[in-house]
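K.L.:
Chains as they are written, first to last, in UniProt numbering: chain B, 1 to 521; chain X, 1 to 551.
Keep in mind that the hints were calculated from the coordinates and are not lab data. All values reported here derive from a predicted model rather than from experimental measurement. Mixed in with the good hints there might be a few duds.
What the hints assert, rightly or not - Partial list, derived from the structure: chain B residues whose beta carbon lies under 10 Å from chain X:
| no. | residue |
| --- | --- |
| 1 | L17 |
| 2 | L23 |
| 3 | T24 |
| 4 | V311 |
| 5 | I407 |
Claimed, not checked - Label-pair distances were calculated between CB atoms; the ranges are:
| no. | chain 1 | residue 1 | chain 2 | residue 2 | range |
| --- | --- | --- | --- | --- | --- |
| 6 | B | N99 | X | R485 | 21 to 27 Å |
| 7 | X | V102 | B | P420 | 53 to 59 Å |
| 8 | B | S10 | X | S458 | 58 to 64 Å |
| 9 | X | A231 | B | Y412 | 49 to 55 Å |
| 10 | X | V283 | B | N99 | 36 to 42 Å |
| 11 | X | T410 | B | F11 | 42 to 48 Å |
| 12 | B | L59 | X | V287 | 57 to 63 Å |
Stated by the list, open to error - Distance condition first, Cα-Cα at most 27 Å in a straight line; then the derived BS3-like pairs of lysine-lysine:
| no. | chain 1 | residue 1 | chain 2 | residue 2 |
| --- | --- | --- | --- | --- |
| 13 | B | K108 | B | K69 |
| 14 | X | K115 | B | K150 |
| 15 | B | K39 | B | K69 |
| 16 | B | K104 | B | K93 |
| 17 | B | K193 | B | K231 |
| 18 | B | K414 | X | K78 |
Glycine included, each C-beta is placed from N, C-alpha and C at the ideal position.
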Amino acid sequence: MEFSTYYSISFYVQTTLIVLATLTLKLSVSLWGHSGQGKPPMFGDFEAQRHWMEITVNLPAEDWYKDTKDNDLQYWGLDYPPLTAYHMMINGKIARYINPDFVKLGSKGMEDPPVKIFMRMTVLAMDLLLFLPTAIAFFMYSQSKKNKEKDILIQITMLVGYPGLILIDNGHFQYNNVSLSLFILATLAFTKKADILGSLLFCLALNYKQMELYHALPFFAYLFGALIQQKIAQGITKFISLSSVVALTFLALWLPFISSADSILSVIHRLFPVKRGLYEDKVANVWCAASIIIKFKEIFSQSDMAIICLVTTTICLLPSFLHLIQNPNIQHLQYALINAALVFFLFSFHVHEKTILLAVIPAILVLKSDPLIVVWFMLISVFSMLPLLIKDGLLLPTVATVGLFWIISIHYVKPTKNIPSQMKLAFELSLLAASCISLATIIIPPPARYPDLFSLMIAIFSCLHFSLFALFFHLKQFDIDIYDFNDSRKLSKAKTDEVSYSLRHRNTANDVRNRQRNQRH
Amino acid sequence: MADIWLLFGAATFAKLLLIPSYRSTDFEVHRNWLAITNSLPLRQWYVDETSQWTLDYPPLFAWFEKLLSFFAQFFDPKMLEVSNLYYASEETVYFQRLSVIVTDFIFFYAVHEFKDVSSLSKDIKKKGSIFMQYTIPVLLIFNLGLFIVDHIHFQYNGILFGIMLLSIIRILQDRNVEGAFWFAVLLNMKHIYMYVAPAYFIYLLRTYCFQADMPISWSRFSVRNFANLTAVVGSVFVVSFGPFIYLNQFSQVLSRLFPFKRGLLHAYWAPNFWALYSGVDKVLTIVGVKSGIMTADNVQSGSMTSGLVQEYNHTALPSIPPGFCFLLVIFGMLPVLLSLWDQRTKVSFVRSVVLCGLTSYLFGWHVHEKAILLAIIPLALLTLNSKQDARIYLFLSTVGYYSLFPLLFTPLENMLKVLALIQSSIFSFWAFSFIYSEKSRKEDDTPILLQLPLLNLSESVFILGLIPLGLFNSLGFWLLNIGERLPFLPLLLTSVYCSLGIVYCWLEFYRLCLTDSEVGIFSIFQSVSRFSVVGYNNHNSDVDQIPSKKK
């Protein structure tokens, strides 16, 4: 791995300020309510996480995923992979040290200020220790040296200041920052050609949150594509080392559960609950959006629907997947990660609105090449989560963080610079419409006959956008310049410059090296 | 210009996020005033005693509350019932918090006007990096003190300091009558601004009533200008106090405004001269008791941690009567006022405002820690004037903001205040080291470890000393487990340490005011006015003249 060094003092001062400002922002959002606050009997994600601390601290590991007399799986049973469980166990041990009542077995709906503050702190600790350093490292080290300090700072700010993640982690309450940081670090490792480290990090991400499976396919395609282009001997060595890293990581993390096939199965059942519905609430995916015309839920049985979802998702994943196998380079990988996550979000079975984060985060990593679309995507993604955020009492923090984000992006990123006017108009109209729908959601009470009217409008509107963004990122992955349709020569030149300046093509670099080697022989 | 609106927007969004944070009893104070002004007739305003938090701001502020109460009824009419003590429904909280955020627009307007003033100079702009243009607006708009006091602790200082800035700026623009008008309004909203009134009085008298450029003589006295000022200021006072004089309640109102029953020091000792005095008293008492000179009987165990206003009697040193404080304040102000009379420049006017505020803060009777903003905020306007002004600003603002820390004590807010102070200090030190960098590079003072930009080594060590102090007061205090025995120790240490720093700033700034003639960007105002003292030509060089002059 090679790291470019030498940044000015001013750069470090500004980075420190960004870190402090982000922490302040997250801390201020932490003052607000969390999911399920004061809503017995089930409460919400906050209680789920607290309950998991309680389970992991008090019960032996074999029982974590099993329905026992102390572990009622109907009440927020652990349904995340083992790494989350270990993390919760560490948090729980600290909690027990501070006050044993925080994690007393059988306590439900603990929401006293001290518990709340403790839990908020555990998220902030992960932000400070993992997410912020990851964001800074990614933009400092993943790009070519030509990148200006100011650009790096802007990209860091956009990633750490993304309102969606702040509102879900520090407001609603989850630990997406952990799995997403591990994912970003894996991407960084692949950028630096440290494939084994990358695979290890991705396995950790996957074992923190199974949703990371969305990203598994592109990573696999990338490694596999690179593998088959190598000579056979090299390929086999690489294959063995990669697969043993993956196997060992899984083995280590699943060790307490391997005692019997039964317990492995119980974990897996917990992780992939097929019994749940096609979608919960109103989510901006294709099934929910199309439900105004076709009532899938009524026509098909749940298991049929699961198969339909599987088939459509697979078909839609294929183009990006096959392309990446044939052209495995970092830039394609980055777009493929967005594409896979978006396709999963749009077509798969039982999707949560928060899952859009998995597509937005890889998109922020390519902010530099497509500022307009990425900023647009980021804003619409927050918009798509609006009903959830309103339910959690996070409306005002949403307004405030999106406002701050908007100010930073128009001042620093300038997304509409060098963009054809039609695109610009579309962007502005879309945001205007989104603001109008948001305003209507807040002010106008929905008609009694259609209580979900506004959530459905938000879902359809966002789904339409996500589909178009998916199309755009597919075209970008296939190196088709979308702006060429608007025949602006200057722009396409600027575009190629950007492409050439941005991440280096992996296989071209390999080719060059091979050619040199051949010449030497 | 659009950029400054982005700053306003960012600040407003940040304030919105603080709505659910901790709020002090001042929240209830202002709710009560809303209720009083809304539901009681005028003659009851300064008489009502339903709540212990009686109306003790001047009449224009009461009218301001009445105006707010008109909107309050749309949020939750119950907050407007006088008997509804400590009522804090969600709507009430939203309304009161939003009222502070919205009225801050006056402050934004003042900052916006100041930006117009400073952009009068083409030279500065050319020279100006983004720092030159935006440092002062950022320091004002994201003023940590106002965030702590207004948006967490809860008060309406934003609008008040906005009016104060506006009055200063109008005077800098040579719109003296308007300046006087705004200052009169300010005085009738919160009488604490009397602290800085002498500077206004002397400056306006000398430059507006007398001809500024001439030697002083009664023949130069402009009766018309004087009449103008008196009429404007007088009418504001008549509108404000007139109704109460008519109701024959003037003395009642005054007794509410000036409650001399309160003690020399507030519950938490504001870090001023009297904190040092009482600190010495405390030490002498302990030494006295230990050595047997004093008996423990006549030593009160003064616990100064409770929130209520209470008196602390000195035991070793003589107790201080209010009149003595008053005299000390007057004597403390005299030199700078005389120098203002003599120099009659705009820089010296702003400096006098700062020094009057600082002097009253140091020697005044029953001063609140929040009053330090009275010096910090106007001083921010001077930071581009010269390196020395900026240096004192850096020192005073860091110590001053730190001295506000005891206002907040809940866990999340504790973290917020620490994070915010670190940010604000890093930003201001970085910005000023950038602005004043050319000179220091030529000088061969190689940066030493622990030396902060612009400050000398001992000053830097003092500022950095706040870190171990803060650590001790939070962690160390808790670890050593001395909270039971010495509950007031952290507050005592904070106020004594900070008061050392603030007294130092006062001395240094006094020295600067009395030894320095006018230089820097404020001379621009001079050149715009009739009597140009320093021309445009000097501008490139004079931002940094002072240090070289002194050497």
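K.L.:
A separate judgement is required for each hint: does it hold in the structure or not?
P.N.:
Evaluated hints:
Because the closest C-beta pair between L17 of chain B and chain X is about 6 Å apart, less than 10 Å, the hint holds. At about 6 Å, the closest approach between the beta carbon of L23 of chain B and any beta carbon in chain X falls short of 10 Å, and the interface hint on this residue holds. The closest approach between the C-beta of T24 of chain B and any C-beta of chain X is roughly 5 Å, which is under the 10 Å cut-off, so the hint is satisfied. Interface hint at V311 of chain B: violated, since its Cβ lies 45 Å from the closest Cβ of chain X, which is beyond the 10 Å cut-off.
The beta carbon of I407 of chain B is positioned within 10 Å of a beta carbon in chain X (closest approach about 5 Å), and the interface hint is therefore held. A hinted range of 21 to 27 Å holds for the C-beta pair N99 of chain B and R485 of chain X, which are about 25 Å apart. Separated by about 39 Å at the C-beta atoms, V102 of chain X and P420 of chain B break the suggested range of 53 to 59 Å. Taking 58 to 64 Å as the suggested C-beta distance range, the pair S10 of chain B and S458 of chain X does not conform, at roughly 27 Å.
Range check, A231 of chain X to Y412 of chain B: about 50 Å between beta-carbon atoms, so the 49 to 55 Å window is met. For V283 of chain X paired with N99 of chain B, a C-beta distance near 38 Å keeps the hint of 36 to 42 Å intact. One distance hint, 42 to 48 Å for the beta-carbon pair T410 of chain X and F11 of chain B, is violated here, with the actual separation near 35 Å. The hint said 57 to 63 Å for the Cβ distance between L59 of chain B and V287 of chain X, and at roughly 59 Å that hint holds.
The suggested pairing of K108 of chain B with K69 of chain B holds, with an alpha-carbon distance near 15 Å, which does not exceed 27 Å. For the proposed pair K115 of chain X and K150 of chain B, the alpha carbon gap of about 26 Å is at most 27 Å, so the pair holds. Annotation: proposed proximity of K39 of chain B to K69 of chain B holds, straight-line Cα distance about 24 Å (limit 27 Å). Proposed proximity of K104 of chain B and K93 of chain B is supported: the alpha carbons are some 11 Å apart, at most 27 Å.
With a C-alpha separation of about 17 Å, the suggested pair K193 of chain B and K231 of chain B falls inside the 27 Å cut-off, and the hint holds. Distance restraint check for K414 of chain B and K78 of chain X: the Cα-Cα separation of roughly 47 Å exceeds the 27 Å cut-off, and the hinted pair is therefore not satisfied.
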